[in-house]
Every structure is written in C-alpha cells, then in structure tokens.
Amino acid sequence: FLTPLYFMEGGSMEQEMGELRRYRTQSISRGEFSLSDSFYFYIKGLESIVDDQVTQRFSSEELVSWNLLTRTNHNFHYISLRLTIIWGLGVIIRYCVLFPLRITLAIIGLTWLVIGTTLVGFLPNHRLKNWLSELVHLMCYRICARGLSATIQYHNKENKPQKGGICVANHTSPIDIVILANDGCYAMVGQSHGGLMGVIQRSMVRSCPHVWFERSEMRDRNAVTSRLRAHVAAKTNLPILIFPEGTCINNTSVMMFKKGSFEIGGTIYPVAIKYDPRFGDAFWNSAKYNMVNYLLRMMTSWAIVVNVWYLPPMTRREGEDAAQFANRVKSAIAHQGGLLDMAWDGSLKRAKVKEEFKEQQQKMYSSMVMGKKGSTHTKRSHYLY
Amino acid sequence: MGSTNSTLSKIPNVEELVQETGFTPAHIVRLYDRFEALDKEKTGHLRPQDFGAINRLAINPIGDRIIGAFFSPGQETVDFHSFVRILAHFRPADKKRPKDPSMPEPVNSRTSKLKFAFQLYDQDKDGKISRAELLQVLRSMLEMQVTEEQLESIADRTIQEADLDTDDAISFEEFRKSLEKVNIDHKMSIRFLR
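Protein chains in written order, with our numbering: chain A, 1 to 385; chain Z, 386 to 579.
Take the hints with a grain of salt, since some may be wrong.
[As the list claims (entries may be wrong)] Think about it this way: if two alpha-carbon atoms lie no more than 27 angstroms apart in a straight line, the pair counts; the simulated DSS-like pairs of lysine-lysine are:
| no. | chain 1 | residue 1 | chain 2 | residue 2 |
| --- | --- | --- | --- | --- |
| 1 | A | K274 | A | K163 |
| 2 | Z | K395 | A | K358 |
| 3 | A | K363 | Z | K572 |
| 4 | A | K129 | A | K157 |
| 5 | Z | K425 | Z | K513 |
| 6 | Z | K572 | A | K358 |
| 7 | A | K363 | A | K274 |
| 8 | A | K358 | A | K274 |
| 9 | Z | K500 | Z | K510 |
Hints listed in this document are in silico derivations from the structure and should not be mistaken for laboratory results.
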C-alpha cells in the first residue's frame with residue numbers, strides 16, 4: 001500500500017564517504033580527495049529533491065501496511081470489496097461504539113479534575129492536601145487516558161522525575177501530558193488560556209502550584225526563566241514538565257531542543273515517549289487540524305499505544321553550555337526511543353534554514369579531505385540528513 | 386489526497402513515461418505529487434528557484450550544480466516529463482533485466498550514472514574535466530575550510546592520479562577508469578521502494 005518513497009541510508013557523512021573510498025589504498029584518516037566524494041552530496045541533493053525529509057517529519061509517519069484508518073492512508077485507492085466492507089465495519093465500531101464511550105469518560109475525567117482540585121484547594125497547606133491533590137490529579141488523568149483508550153507502558157520507573165527537578169520529553173501531541181501524568185504528578189508549564197482550558201488551569205492551580213504564564217510574560221525570557229527557577233528551587237514543588245522542541249513533531253525523530261529549558265538549572269529528568277503508529281496516529285499537525293478536530297480523530301482511532309522510558313537524571317557538566325547540554329539530553333532521548341536524532345530546528349516548519357548548516361557540512365567534509373583528527377562537534381548522532 | 390487513479394489520469398503520456406524510465410505508475414504518481422508541491426505557482430513547470438526553496442538542497446555544497454543538472458543549456462524551466470526522466474537515471478539497476486545488446490542501454494545503467502557524475506564536474510561540456518573545473522567543485526565542497534594552495538595541490542594530485550594521457554585534464558574514460566572499483570549502482574542510486 002503505502003511506503004516511504006525511498007530507502008534512506010542512515011549513515012553519517014563519514015560512514016558514507018568511507019564506503020565510497022574503500023577501494024583506495026590510503027587510509028581515510030590520511031585525508032585525500034577522491035572524485036567519488038561528490039557522489040555523496042549529489043545523491044543527498046537528489047534525495048531532497050524527490051522527497052524532503054524535513055517536511056516529512058512534519059506530516060504523519062507513513063505506515064507500511066494499512067490499519068483501516070483512512071487518515072493514515074494518503075493514497076487511498078480501491079483494493080477490493082471485502083476490504084471496503086471491513087473498513088466500513090471498522091468505521092461503525094469506532095464512531096458509534098468507541099467514540100461515545102470515550103467522550104463520556106473524558107467528560108467525567110475533566111469534570112472530576114475541576115471539582116476535585118477546587119475542593120482540595122479549600123484545605124489548608126498540609127501534607128494531606130498534597131497527597132489528596134496528587135490523588136485527584138492521578139485519578140483524573142487515568143480516566144482521561146481511558147477516554148482515549150491509551151495503553152501506556154512505563155519503563156525504568158526507578159528514574160521517575162523527583163520533586164524539584166525538571167522533566168524533559170519529546171513532543172508529539174498535547175496528549176503527551178496525559179500520558180506522563182498517568183504515572184506521576186507534574187507541575188505544568190504553559191500559557192494561560194481562556195475558556196474551558198482556562199477553567200481547568202485555574203482550578204488545577206488551587207490544589208498545587210503549576211506555572212501558567214500570561215502571553216505577554218512569555219516573550220520575556222528572563223521573567224520566564226526566573227519564575228521557573230523559583231519553582232524548582234522550592235524543593236517540595238512537583239517536577240516541572242517541559243517540552244523543549246517547542247512544537248509537535250511527528251514522532252519519528254527528535255528535533256533540536258530549545259536551550260532555554262536547560263538554563264534553569266536543577267536536575268533534568270529526560271523522558272522518551274514513543275507512540276505505536278499502528279493503532280492510531282497521535283501526531284498533531286497544528287497547521288492542518290485544530291485541537292477539537294484533533295481530539296475527535298484521537299477518540300475515533302483504534303487505540304493509542306505508547307511506550308514511555310524514564311532516563312537516568314542528567315545535570316549540566318562543567319564547561320558545558322546550555323546548547324551543548326540540550327543536545328546531549330536530546331541524543332539520549334532520541335537514542336532510547338529509537339527516534340532519529342535530527343539536527344534540524346523545530347522552527348524549520350515555519351522558517352528558512354541557516355547558512356550555518358552549509359558551513360557545518362563543509363567543515364565535516366574538509367576534515368575528511370585534509371585528514372584532520374578530532375574535529376569539533378561531529379558527534380555520531382548529529383545527523384544532518 | 387484522492388485516489389492514485391485520478392492522479393494518474395492527470396498526467397499525460399504516462400505509459401510512455403513508464404516504458405522509458407522504468408518507474409512504476411505508483412512512483413510516477415508520487416513524483417507528480419512532489420512536482421506539484423514544488424511548483425508553488427502552479428505553472429506546470431519548475432524553475433531553478435523552485436528547487437532553491439528546498440531547504441536541504443539549499444545547504445548542500447553542490448546544490449546549485451545538482452539543480453543545473455535538471456535544466457538543459459538555454460532552458461529556464463523543466464516540465465514533469467523531463468523531471469522524471471532525469472530522476473530515472475538514478476534508479477537502481479534492474480537486476481532481472483536480460484543483457485540484450487540489441488536494446489538501447491537503459492537510462493539507469495552504470496555508464497549513464499557515471500556520465501551524470503562526470504557532467505557535474507564538466508560544466509562546459511567539452512568532454513574533459515579541466516583543472517579549473519575540478520578546482521571549482523573542490524571550492525564548493527570546501528569553501529572557507531582550506532586555503533587556495535591546499536585546493537590547488539589537491540586538484541594537482543587528483544589529476545595526476547587519474548590523467549593517463551597526460552593532457553592535464555580528465556576525460557570520461559579516465560574518469561570511468563579511476564572509479565572502476567566504486568559500486569556506482571549502490572552509491573549513485575536512490576532506492577525507490579516498490
């Protein structure tokens with residue numbers, strides 16, 4: 001049915017060039033140019049003409065075989081009557097049976113969140129309050145997760161984020177919050193909204209501190225950082241949950257992390273979230289669908305199957321700046337989740353690319369031709385392609 | 386996104402394309418979608434700027450030359466047929482194809498691919514890669530990372546190694562000989578799936 005257009009070699013520039021030059025007698029470390037070196041760039045260029053990998057990251061992951069959801073089938077064409085009938089049955093089950101059940105659960109869950117947190121908010125600050133608050137939050141998120149038929153498997157629970165820390169995860173959809181909050185309580189960070197979202201936010205804050213920013217505050221990076229720092233410093237506060245990619249990526253790779261989250265200080269607890277695309281596509285393409293549409297699609301999928309890995313905590317090393325630290329964490333997450341580590345900035349979705357990338361490639365190539373050893377930051381996981 | 390069949394009917398002379406290029410109808414449809422996506426102003430043709438908008442191509446050191454490969458000399462636009470025909474050169478070799486000497490050489494043969502690679506260097510199409518042309522390619526790939534002297538010495542060394550008839554340039558035959566051990570099919574192919 002549906003496959004990626006071409007099979008991409010996963011090797012780094014060094015690997016691919018090395019293979020190209022294997023027939024030569026000199027060793028690669030000696031450098032030297034070969035007429036076939038240009039082939040590497042040539043093919044990469046052609047591949048990008050045929051199919052732009054980056055834009056691919058921003059549309060849903062393509063499945064090798066069809067899971068009876070037309071939304072994952074981009075080139076829908078008629079195969080057989082039997083398949084269409086089965087698909088039709090699937091539609092009926094999903095929309096008429098599963099969907100109403102799920103909506104009910106979701107409503108129950110959210111209502112309980114608002115009521116429960118407001119009630120707990122009346123209690124004086126006490127250990128009991130915290131315990132009850134956690135109970136309420138957990139309960140509500142678990143109900144919501146059922147409302148999405150989410151099956152979540154948590155790995156390495158011993159590395160679960162602790163109080164006073166910062167939890168950092170890759171971002172695929174707004175549901176990520178529900179997924180993570182099913183297993184622990186976090187302090188949410190985000191913009192204050194109006195409407196239903198606002199009601200939920202305000203009531204959540206009553207029972208335990210979350211960090212909601214006004215839109216105007218978000219622009220002032222220092223204000224944001226200092227508020228977050230204050231939250232982290234109070235060791236009894238719940239760990240903050242941050243998604244450093246800044247935007248939803250389609251869960252096949254991890255894009256560049258914005259370094260702001262890594263300037264706050266404190267211990268970082270990386271978490272890798274990987275959705276199984278066979279039962280439902282959790283990626284939210286905010287350019288294409290709005291939130292309501294998205295939730296509708298989620299609730300009419302078969303199920304959301306997720307794997308969550310808690311990675312060992314990391315802290316910034318001596319002499320490491322925020323950007324390098326961010327990259328280190330990103331690699332760890334990408335590696336664990338089996339996701340491609342992309343050096344691309346998530347903002348590429350809406351902006352143009354920088355000259356730096358071209359220079360970086362030239363640097364990498366020149367170190368191979370000139371035989372220089374130990375070029376600066378050519379980490380193996382730094383895929384430019 | 387519509388059914389494959391409806392897209393197929395939009396493309397003129399599909400059977401001819403299939404025969405000529407060896408792409409399957411499904412591939413041609415995907416390439417057509419891609420062509421349309423690149424053709425932002427819906428003119429039915431692509432211009433160099435349309436290729437330039439591809440981010441990953443823009444940062445490719447030899448991006449301009451690759452774009453140039455799609456445009457014949459004097460032409461400013463490329464239509465879908467030409468687009469597909471050029472890409473067809475980079476299909477992996479058809480292993481099952483019987484070696485029939487009476488049939489014309491397929492577009493994606495080893496020689497064909499090497500010719501493309503050769504043209505990358507030989508911009509003035511005089512059949513030889515001159516020292517100056519080689520320097521130009523080296524400069525694109527290395528830009529500010531090495532000095533002019535280093536570039537020249539690399540060019541000298543390369544020509545010395547490959548130039549068998551000592552005319553201080555690399556002909557296609559010399560090019561081919563110098564790369565005879567390289568698995569061209571593997572390294573100069575885009576492995577289109579199914």
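Comparing the hints with the structure gives:
1. For the proposed pair K274 (chain A) and K163 (chain A), the alpha carbon gap of about 24 angstroms is at most 27 angstroms, so the pair holds.
2. Distance check on the hinted pair: K395 (chain Z) and K358 (chain A) sit about 37 angstroms apart at the alpha-carbon level, beyond 27 angstroms; violated.
3. This hinted pair checks out: K363 (chain A) and K572 (chain Z) have alpha carbons roughly 22 angstroms apart, not beyond 27 angstroms.
4. At most 27 angstroms may separate the alpha-carbon atoms for a hinted pair to count; K129 (chain A) and K157 (chain A) meet this at roughly 25 angstroms.
5. Taking the CA atoms of K425 (chain Z) and K513 (chain Z), the gap is about 37 angstroms. The hint is violated against a cut of 27 angstroms.
6. The straight-line distance between the Cα atoms of K572 (chain Z) and K358 (chain A) is roughly 22 angstroms, inside the 27 angstroms bound, and the hint therefore holds.
7. In summary, the hint linking K363 (chain A) to K274 (chain A) is not supported, as the alpha carbons are separated by about 33 angstroms, beyond the 27 angstroms threshold.
8. Distance hint between K358 (chain A) and K274 (chain A) is unfulfilled; the C-alpha atoms sit about 31 angstroms from each other, more than 27 angstroms.
9. Between K500 (chain Z) and K510 (chain Z) the CA atoms are separated by roughly 11 angstroms; this keeps the pair inside 27 angstroms, and the hint holds.
The structure does not agree with the numbered hints 2, 5, 7 and 8 stated previously, though it agrees with the rest.
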